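Participant: Residue numbers (my numbering), protein chains in the order written: chain A, 1 to 350; chain B, 1 to 350; chain C, 1 to 350; chain D, 1 to 350.
The hints are simulated quantities; they were obtained by calculation from the structure and are not laboratory data. Predicted, not measured: the structure shown is a model, and the values here were computed from it. There could be a bad hint or two in this list.
Which copy is meant is left open, so a pair is good if it fits within one copy or across any two.
Unchecked claim - Simulated pairs of lysine-lysine, DSBU-like, Cα-Cα distance not exceeding 35 Å:
hint, residue 1, residue 2
1, Lys334, Lys21
2, Lys279, Lys323
3, Lys323, Lys169
4, Lys309, Lys279
5, Lys223, Lys169
4 protein chains.
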Amino acid sequence: MIPIRFDCDYTEGAHPRILEKLLSTNLEQTPGYGMDPYCEHARALIREAADAPNAGVHFLVGGTQVNYTVIRSCLMAHQAVICPTTGHINVHETGAVEATGHKILAVPCGPEGKLTARQVEQVVNDHFHGPTPPEHTVQPKLVYISQPTENGALYSLAELTSLHEVCQKNGLYLFADGARLGYGLSSPLSDVTLADMARLTDVFTVGGTKCGMLFGEAAVISKPAIDRDFRYALKQNGAMLAKGRLLGIQYETLFTEGLYFSVCRMAVEQAFRLRDALKAAGFQEYAPSPTNQQFFILPDPVFETLSKKYVFSGWDTLPDGRKAYRICTSWATKDENVDALIADIRTAAE
Amino acid sequence: MIPIRFDCDYTEGAHPRILEKLLSTNLEQTPGYGMDPYCEHARALIREAADAPNAGVHFLVGGTQVNYTVIRSCLMAHQAVICPTTGHINVHETGAVEATGHKILAVPCGPEGKLTARQVEQVVNDHFHGPTPPEHTVQPKLVYISQPTENGALYSLAELTSLHEVCQKNGLYLFADGARLGYGLSSPLSDVTLADMARLTDVFTVGGTKCGMLFGEAAVISKPAIDRDFRYALKQNGAMLAKGRLLGIQYETLFTEGLYFSVCRMAVEQAFRLRDALKAAGFQEYAPSPTNQQFFILPDPVFETLSKKYVFSGWDTLPDGRKAYRICTSWATKDENVDALIADIRTAAE
Amino acid sequence: MIPIRFDCDYTEGAHPRILEKLLSTNLEQTPGYGMDPYCEHARALIREAADAPNAGVHFLVGGTQVNYTVIRSCLMAHQAVICPTTGHINVHETGAVEATGHKILAVPCGPEGKLTARQVEQVVNDHFHGPTPPEHTVQPKLVYISQPTENGALYSLAELTSLHEVCQKNGLYLFADGARLGYGLSSPLSDVTLADMARLTDVFTVGGTKCGMLFGEAAVISKPAIDRDFRYALKQNGAMLAKGRLLGIQYETLFTEGLYFSVCRMAVEQAFRLRDALKAAGFQEYAPSPTNQQFFILPDPVFETLSKKYVFSGWDTLPDGRKAYRICTSWATKDENVDALIADIRTAAE
Amino acid sequence: MIPIRFDCDYTEGAHPRILEKLLSTNLEQTPGYGMDPYCEHARALIREAADAPNAGVHFLVGGTQVNYTVIRSCLMAHQAVICPTTGHINVHETGAVEATGHKILAVPCGPEGKLTARQVEQVVNDHFHGPTPPEHTVQPKLVYISQPTENGALYSLAELTSLHEVCQKNGLYLFADGARLGYGLSSPLSDVTLADMARLTDVFTVGGTKCGMLFGEAAVISKPAIDRDFRYALKQNGAMLAKGRLLGIQYETLFTEGLYFSVCRMAVEQAFRLRDALKAAGFQEYAPSPTNQQFFILPDPVFETLSKKYVFSGWDTLPDGRKAYRICTSWATKDENVDALIADIRTAAE
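Okay, chain A solo, but in the shape it has when bound (with noise of 0.2 Å):
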């Protein structure tokens, strides 16, 4: 028996409609890397929920890359990356910012995963005002955060307003990565929209490959200095798309009659049937998640019993030897998966 994945949220293909609209324009002639008309329309299409008309937009392929190259795009030499311990570009990227030749000034943070405005002063502080003269260490240049975080938590517009402050004040660029965008926009526990994260950030990410594409990454550069030469930077990484048109069908399918909202929506939805069946069960959450990612402590014969069924993903061992395992929905999560899962968790309470 195939078991049913709730690992992670990028084990199917793509939305129905974008292999749609793949297989319809598969023959047409366009220009290569990204200069085609579906990429310019995907692009206004962006700017336009983003209530960003000035804003440059820019289609990559994966996550790891557009981290790195916006990164790489935004600092000299000397400057470094301010980033919670747990950022995705800390712990899973394979070093691909150091590769780059910068530093990541790890910040501790509770386990949603978050950076806060006072911390970031502090860093910024220390580094221009401590013992050591500055020229010693890197110089603080950009604040990256996840929204959501890795642990599926979310900034409120307060707490990203505060991040916007205090890097506005201090001269360092503040970038959103929004590898799950979508889950955490379409929350009904976000307070924060499209337009708040194109305003608060110099750049930011609207992930596709985990919210119903194929692949693809639109990095959204409101600060017109890094946005003026990224297209150099797409080429130099190896994120311009040949053919760049996938991205822009994609990318025009999904931003069309909002269905980048509301397929998230969906999936956001399926993910808090499974947390409430889990609690309802009497299973402890390992921290508490308003996107499609689900964190919970398992006992362990619970979990042998459900991972014969299903695929959860290990996260964490407490320090007291119990497991938290993540249980993540998608946009292509099915009812009936949902339903099936629910019930063993029922019966396996008991």
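Since the structure of chain A is provided, determine the placement of chains B, C and D on it from the hints.
Facilitator: Coordinates of chains B, C and D only, in the frame set by chain A:
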């Protein structure tokens, strides 16, 4: 009227069989990052086709990406690449190789864009036995060639064998960029096979983007020392596709029943039809090409007339002011379009 | 009044014998880049002193320079450095290691600034056998330690041997930064010899700048694979001094009649006199140090009084607000200045 | 018999006045890293001599180091250096510039080793207005020249002014490598002053190593944006000397009473004596040089005879097989050695 594009070989989507397969597998759930059964199968098919049972096969997304990722994985900081002046990495990849820290030693080449074993030996001798102590200059360590070259030419089996031997003798890696490999191997004028490529190089690529796929480049690595940690390189360089099966499915399709070769052979035949028509009409070849790219010198009035209906690629301006163009077919080129262009060539020449 | 500096060990020029030798050889003509007879002789003297007849010995100018040049020469792009959190490369070299593309995996350490073999093993196990596939994180490949550590502590022979063994077992390089090695080896509390350093590490440095020279760090490389092309690394990293003999002359002088060790031993003795006086006066050690750097907690009024005549180095602020200082002697420390400080310590404590 | 070296200008130590000053200040205590009064004074002297009261002046150790550190500080990842083919950074620095991630766009030059404003303009035009979209190639951003060039030639004030203007017009930085600047400025054939260098470049260096110092290169930065964080670059690139005053003392000495210029002028005069003797003896110049390096074609028997007593530097082999040599004087060249060589030239020519 939308012009018919003969400017390059990546203007359409993918071969219909690929799209069918993507569609029929779309809602399957598989693990990510190239660890799925489709990738496994595709790797096996390529190893079999290349008669290289122990080669590493890795799937990447794009050409610039695969080039710098392979090169970076072969070299220490003080080592350099020997490359013909016209090599793609030297002129059309925004310094991606240098951006990873390595100098390119560009060697002058003729209009064919080929490097000779003798030239390689010369670079090595100049380095180790020239007037400058070797450590004051970068150490040549990897030879980069393209098969076919930028200008559509092909290394013969004898030439490849000589390059292989000079590399072996001097401790150099031989890396062949096969972005258009299908068009090369399927040319009636080629005496080189996929197995020769695997046997004579340390790494070569099997280009997908230009040969019938939506995107994709396969790196085939004969040298175990390069293969061993190559998955780290994939991840660090943003080249590990999350939904890796998309690459597996595409390569599996192309390497089933020799589709890769048959679609490319048709494109070469179409190119030959155009070449013959151009020659018959009295136009002069810029450089003879046995593959899907043809290079011709066209008088300005002829180009102007043709460019109302067709797109070619401007290639070079000769010392006497005449202009050369690239006319390119692909797996997707339609008979009717070739017929139309041939007719228009004849008319234009009158 | 010019204050007397005890803040670090690089406030004066060089040992008089070095200046004499520079003067007497000044107008000789020699080839450059470290290929002169003085460098040859100095290399031989160091090999002999380290009982390492086959080691490569290279002379560089500064500490940051030698650290990143060595590290860069050991690692491929995806490989990383294991380092205690307080390691100099992690906190005081402006991200020089990351600027060459390599992540530092900082491991928490106590006030001594030491790394244990067990910690190294843990990092390796977490990487290769943790929940994340190894290729999603950087591969640990080199262990960086300092002897003495940043906080003046010393690895015992047993500790060094354990580190050596864990590195051997796991295919890691062991690199010891010996910027203050002379002060370590000549401490009466050290059971480690220069020959142990050569035997137990793959590379270590013999610091000159802080141990009696105008400038200079010698890299002693036991591993032939690292040594082979190291002169390329010297040149590429701006570390190959044109008038290389200046380094040869200095090392030759220090390694003649054991001058390197005798000048350092005197500095350690002066440091111990200060330590004893501080303890006798009732001040508390921040961390015990068997070398020329002493770390003490001083009440604010005491510091204020002493800082009118002396310069110390601010080191840390404790959780309770008390402040720790570094008080440092060197090969150039004058008896009279130590006497004066001791007297003032006694007075200040009354 | 020890041969007399005329192969380069870094075979001796330092001007006696420098050694005296190092000796007399040896046991003074100063803060490190270039923050001492000697460096302050030396900076002021250089600013004054260059009539550049607001320029940043930084002291580094070596030539390769200062070149790549400056270049890295000027460029973003996708930007490149325009450089004549014979430029030192292109051929004799082990790819140090590429090792920091930047491609060098080498422009063909004649035997003088000069770049023209017209060539610069051509590179810029080809990039921004050529057939390839600019982002597929690196963006030219900095022009690197040497004054004097590798082959001893000098840019005239008119030529420098043209380069300055073309850089200003196109938003390029102009960087002049002055490793032998003293020999250039003090040549009777130069119409360029130190103030011209500061006024017409964004950064230039005042070479010390070859002009009377033990070591040292001063970077003079007119552009505030490059100067602002340059101390980070010093530290990150291993170029911030711990005992920085050693550089301050040396530059202070050379820029007191015009010593820098007078010692260099004497070397040029000696070179002219040799040049005149060689010409009078009927030997042919390889390339005329107005500075301390002279380049002559010598018949093999002549070279063999002279090389029993003298060391020259092999420079080039002409198409007809004849060989060119560099014969070099310096601040340390002795009258008696020049006399002896002149006599031997005459004899050899008979």
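Participant: Quick check: which numbered hints come out false for this structure?
Facilitator: none
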